[in-house]
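Novice: Each chain, letter by letter, is given below.
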Amino acid sequence: MIIKFKLNGKEIVKDVPVHKRALDFLRDDLGVLSIKEGCGEGECGACTILVDGKNIHSCLMLAVELDGKEVLTVEGLKDKTIQNAFVEAGAIQCGFCTPGFIISTKALLNENKNPSSEEIKEALEGNLCRCTGYLKIEEAVKLAVKMYNKGSDKK
Amino acid sequence: MIKNYFRPKTIDELSELKLKTKGYLFSGGTDLFVKLRAGTIDTDTVIDTKYLNSRKIEITGNKLFIPINATYSELRMFIKQNNVNNMLENIVKTIGSPMIRNRGTPVGNISNASPAGDFVLASYLFNAQVIIEPTSRKLPVKNFIKGPGKIDLRENEFVYGIELEILNDYKFYFEKVGRRNAMIISIASLGLLLKEKDNKIKDIRIAFGSVAPYILRDENLEKSLIGETINEELFKHIAIEYQKLSSPITDVRATKEYRKSLVHNLVIKAYNNLFEKVVKE
Ligand SMILES: Cc1cc2nc3c(=O)[nH]c(=O)nc-3n(C[C@H](O)[C@H](O)[C@H](O)COP(=O)(O)OP(=O)(O)OC[C@H]3O[C@@H](n4cnc5c(N)ncnc54)[C@H](O)[C@@H]3O)c2cc1C
Ligand code: FES
Ligand code: FES
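Line order of the protein sequences matches chains A and B.
The opening position of the first sequence corresponds to residue 11 in the numbering used here, with each subsequent residue numbered one higher.
The opening position of the second sequence corresponds to residue 970 in the numbering used here, with each subsequent residue numbered one higher.
Here chain B stands alone, though its shape is the one from the complex (with noise of 0.2 Å):
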C-alpha cells in the first residue's frame, strides 16, 4: 500500500527521492496503478514526475523532444499545430482511449519497456534518443531497453525526455492487429517507413511490436534493401526474411503461428496499400 507520496521540483530532488526511497516514479499512472492494483509492483513510495520543471515538447534543428510528463493528447496536439512527423497521429491515436491519452505519456511507454508498447515502436522508427538525467546520459532507444521490463537505468536516474528524429517525405503504414478497437494490447503491429527516389528504396524502417521479446528491427536488412526497385517481388521477400527473424510466444490473446502469419501478412498489406493496389484481405 503507498504510504509515501512526493513532489519532486528539480531535477536533483528527483534523482535523491529516487535514490533513498527507491520508490516508483508515476507521470499517468496508467501503467503502474495497473500493476499495482494487479500485485505485480508493491511498493509504499511513489514518487509523482508532475510538479518537476521541465522543457516542453519542442523542434530543436532536425529533433522533435517530448519532455517527461507530456501526454499523447499534448503530443497529438503539438504535431498537428506544427506539421511535423504527422506520421505519429497514427499511431498515437490507436493508443488506449481519450482518457489513457490524456494522462499517459511516451516517456512512460518507454519506461515501462513492453515489447508491445506502441510508443516504444514509434521511437524505433524515428531513431530516438532516450535522454537520462541528472547524468545528461543520452543512448538510442534499442540500448536504453534491454528486455521486456528491463531499461538501462541507475538508481538515481529517470528519463527527462525522447528525441525523435524529423522526418520528411517518408510513406508510412502503422497498423496494430488485436482484439478489439480500443484499448487495443496488440496481438502483432506493424510500422514502416519508406523513402522512395525514382522507384527504388532510398530509406526504408520496418519495425514489429509484439511479435518477439523486444521490438524487432533489423537495420542490415533494412541496408540491404536500399537501391532496390520497390515490386511487390521485393516486399515477399522482406515479408520472409522477417518472418525468419521473428520470435513470438503463444498466449492468451494469440498462438505464435497465427503471430508469424501476421509477420508476413502485415509487411504484404503495408506494400500494397502504399503503392495503391487492391488490398488483398
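Chain A extracted, bound-state conformation (with noise of 0.2 Å):
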C-alpha cells in the first residue's frame, strides 16, 4: 500500500507492505536508527516516537498507520535542548532508552512547560532505563524546564 506521510519534517512517499511495523519500517527501509526495539510489546518505551505531537509506541503500530500523519523522532530535533540537558544531568549511560526518553520528554513539555516532579514521573512512565537510574532523568527533564525558561528570559 502506498502511504504518504511526513517524517521529522520531509515528506515520504513509500509503498509498504501491510503486515510491517512502524518500528520496522521507519529503522530498516527509513535508517531513523534513534528508535530502537527493547521489548516489541509496548512495555519498554525504547521504540517511542511522536505522531502528530503525541508520543506512541511504534512497535504496535502498522506502518500503513503512519499515512497522512506527522511523526517526529529524535533526529528531526532542531532544538538541542533535551538532549543537552540529558548529557548535562549523566542521565544517559548506555543510551538505549534515551531516544523514548527524550521523545516523551518533547511530548510532556510541549504541552506543559512547566511540569511537577509528579507530572515528570507520569510522563516517563512507559520508558524503562535499565542503567542510569531515574532519579539523573528526572533531573535532566527539570534541566531542560531551566534551560527554556533561560532562553525566554532574554527575549
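Watch out, some of these pointers could steer you wrong.
Claimed, not checked - Mimicking DSSO-like on lysine-lysine, the simulated pairs with C-alpha atoms at most 30 Å apart in a straight line are:
1. Lys972(B) - Lys46(A)
2. Lys16(A) - Lys1025(B)
3. Lys1140(B) - Lys131(A)
4. Lys1107(B) - Lys16(A)
5. Lys972(B) - Lys24(A)
6. Lys30(A) - Lys1140(B)
7. Lys972(B) - Lys14(A)
8. Lys131(A) - Lys1049(B)
9. Lys79(A) - Lys64(A)
10. Lys24(A) - Lys1049(B)
11. Lys1062(B) - Lys131(A)
12. Lys20(A) - Lys123(A)
13. Lys14(A) - Lys1025(B)
14. Lys30(A) - Lys991(B)
15. Lys30(A) - Lys1032(B)
16. Lys1032(B) - Lys64(A)
17. Lys88(A) - Lys116(A)
18. Lys46(A) - Lys1004(B)
19. Lys16(A) - Lys88(A)
20. Lys1049(B) - Lys30(A)
21. Lys1062(B) - Lys64(A)
Said to hold, decoys possible - Here are some, though not all, of the chain A residues that point toward chain B, as calculated from beta-carbon distances under 7 Å:
22. Asn65
23. Leu70
24. Asn122
These are computed hints drawn from the structure, not numbers from a lab.
Since the structure is predicted, the reported quantities are computational estimates derived from the model, not experimental observations.
Glycine included, every Cβ here is placed at the ideal spot set by N, Cα and C.
Hints given; two lone chains; assemble the complex.
Specialist: Structure representation (C-alpha cells):
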C-alpha cells in the first residue's frame, strides 16, 4: 500500500507491505536509527515516536497507519535543549533508552512548560531504563525546563 | 501474517467487511498487536476502525457517550474540560503508560473483555450500556461480557460506543494492586462508589477486577446495604461477603489465597480512606 506522510519535516511517499510494523519500516527501510526495539510489546518505550504531537509506541503500530501523519524522532529535533540537558545531568549510560525518554520529554514539554516532579514521573512512566536510574533522568527534564525558561527570559 | 488491511469509512462498510473477511478489528492495537505477536491470535486480515465517521465523545442528557476510537487521553481531556464523572480520571490514569493511553481505547478494552480490564471495571461501576452497530442493539455491559475474552457480538456486528451514567455527589475509591507502578496488569483491583445521606448509605456500587473470571459486582448485596449506617462494622461485613463471593485463581502474579485476602483488605482500606480514618497498612 502506498502511504504518504511527513518524517522529521520531510515528505515521504513509499509503498509498504501491510504487515510491516512502523518500527521496522522507519528503522530498517528509512534508516531512523534512534528508535530501538526493546520488548516489542509496549512495555519499554525504546521505540517511542511522536505522531501528530503525541508519543506512541512504533512497535504496536503498522507502517500503513503512518499515512497522512506527521512523525518526529530525535533525528528531527532542531532544538537540542532536551538532549543537552540529558548529557549535562548525566542521565545517559548506554543510551539505549535515551531517544525514547527524549521523545516522551518532548511530548510532555509541548503541553506543559512547567511540570511538577509528579507530572514528570507520570509522563515518563512508560519508558524503562536499565542503567541510569530515574533520578538523573528526572533531573535532566527539570534542567531542560530551566534552560528553556532562561532562553525565554532573554527574549 | 497480515495480508489484508482495510479502512472502512461507514458503519455498513465496516460491518460487511467484518462479516465477509472474518478479520479482526482494531483501533489502538494495544491488545491486538500484542496477541498477534504472541501467536494467541492468528489472522491474515485486520480492519482499522480509525477512519470510520463516528460520533465524538459527548454528553447526552445524563449519559456520557464514549465512541469507538476515542482514546484514553482524549477521554481524560474531555472529563477535565467538562467536569463530568471526574472519578474516572483515577482509573484512566493508571492504565498502561502515556503511550498506551494515546493509542488505547475504552471500546477496545471492553471488546477485549479481560477480567483485569480497568475500563471493564469502570463500565460496571457506571452501569454502562454497550452500543452495537449496525443493528443498533444496546445492552448492559454485564450482559455484553459473557466470560474472559467472550462477548455477545454477531459476526456482522461491532461495538460502536459505550454510554456511562453521569454520577454526581458520589464518594469514590479506586485501587489497583500490581507489581509495578506503570503498566500494571493487576493482581486485584477495587472500585467503589458511594452516595450517603445522614451518614447512611443511599447508593453503593462495588466492583472487583481480577478476583473472578469476570468483574465481581453483586447488585443484590449492594441493595441490602441501602439505608445502613456507615461505620467500620458495616464495611467489615461487606469485606467478608465479597471475600466469599470472589473466586480467584493462582497465576504467576499471585496466589488465590493472597488475592482473597486482598479483596477483604481493599474494602477496609477503602473505608479508611473515604471516611478519613488513619490508614492501617
Ligand atoms: C504495555 C501495556 C500496558 C497495558 N496496561 C493496561 C492497564 O493498565 N489496564 C488495562 O485495562 N489494559 C491495559 N492494557 C491493555 C490495552 O491497552 C487495553 O485493553 C486497551 O484499552 C485496548 O484498546 P485498543 O483500542 O488498543 O484495542 P485493540 O487492540 O485495537 O482491540 C482490542 C480487541 O478488541 C477487538 N475490537 C476492537 N475494536 C472493536 C470494536 N469496535 N468492536 C468489536 N471488537 C473490537 C479487537 O479485535 C481486539 O481483539 C495494556 C497493554 C499494554 C501493551
Ligand atoms: S519496543 Fe516498543 S515498547 Fe518496547
Ligand atoms: S541508559 Fe542504558 S537503558 Fe537507559
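Novice: Does each hint fit the structure? Answer for all of them.
Specialist: Quick rundown of the hints versus the structure:
1. Lys972(B) - Lys46(A): 25 Å, holds
2. Lys16(A) - Lys1025(B): At roughly 26 Å apart (the allowed maximum being 30 Å), Lys1025(B) and Lys16(A) satisfy the hint.
3. Lys1140(B) - Lys131(A): 27 Å, holds
4. Lys1107(B) - Lys16(A): Violated: Lys1107(B) and Lys16(A) sit about 41 Å apart, past 30 Å.
5. Lys972(B) - Lys24(A): 17 Å, holds
6. Lys30(A) - Lys1140(B): 47 Å, violated
7. Lys972(B) - Lys14(A): Given that 30 Å is the threshold and the Cα spacing comes to 20 Å, the pair holds.
8. Lys131(A) - Lys1049(B): The given pair, whose Cα atoms are some 20 Å apart, holds under the 30 Å limit.
9. Lys79(A) - Lys64(A): Roughly 11 Å between the alpha carbons, so the hint for Lys79(A) and Lys64(A) holds.
10. Lys24(A) - Lys1049(B): 40 Å, violated
11. Lys1062(B) - Lys131(A): 12 Å, holds
12. Lys20(A) - Lys123(A): This hinted pair holds, its Cα atoms lying about 27 Å apart.
13. Lys14(A) - Lys1025(B): 26 Å, holds
14. Lys30(A) - Lys991(B): With Cα atoms ~21 Å apart, Lys30(A) and Lys991(B) stay inside 30 Å; holds.
15. Lys30(A) - Lys1032(B): 40 Å, violated
16. Lys1032(B) - Lys64(A): 28 Å, holds
17. Lys88(A) - Lys116(A): The given pair, whose Cα atoms are some 12 Å apart, holds under the 30 Å limit.
18. Lys46(A) - Lys1004(B): 21 Å, holds
19. Lys16(A) - Lys88(A): Roughly 15 Å between the alpha carbons, so the hint for Lys16(A) and Lys88(A) holds.
20. Lys1049(B) - Lys30(A): 37 Å, violated
21. Lys1062(B) - Lys64(A): 16 Å, holds
22. Asn65: Cβ of Asn65(A) sits 5 Å from chain B, so the hint holds.
23. Leu70: Hint on Leu70(A): holds, closest Cβ of chain B at ~5 Å, below 7 Å.
24. Asn122: 12 Å, violated
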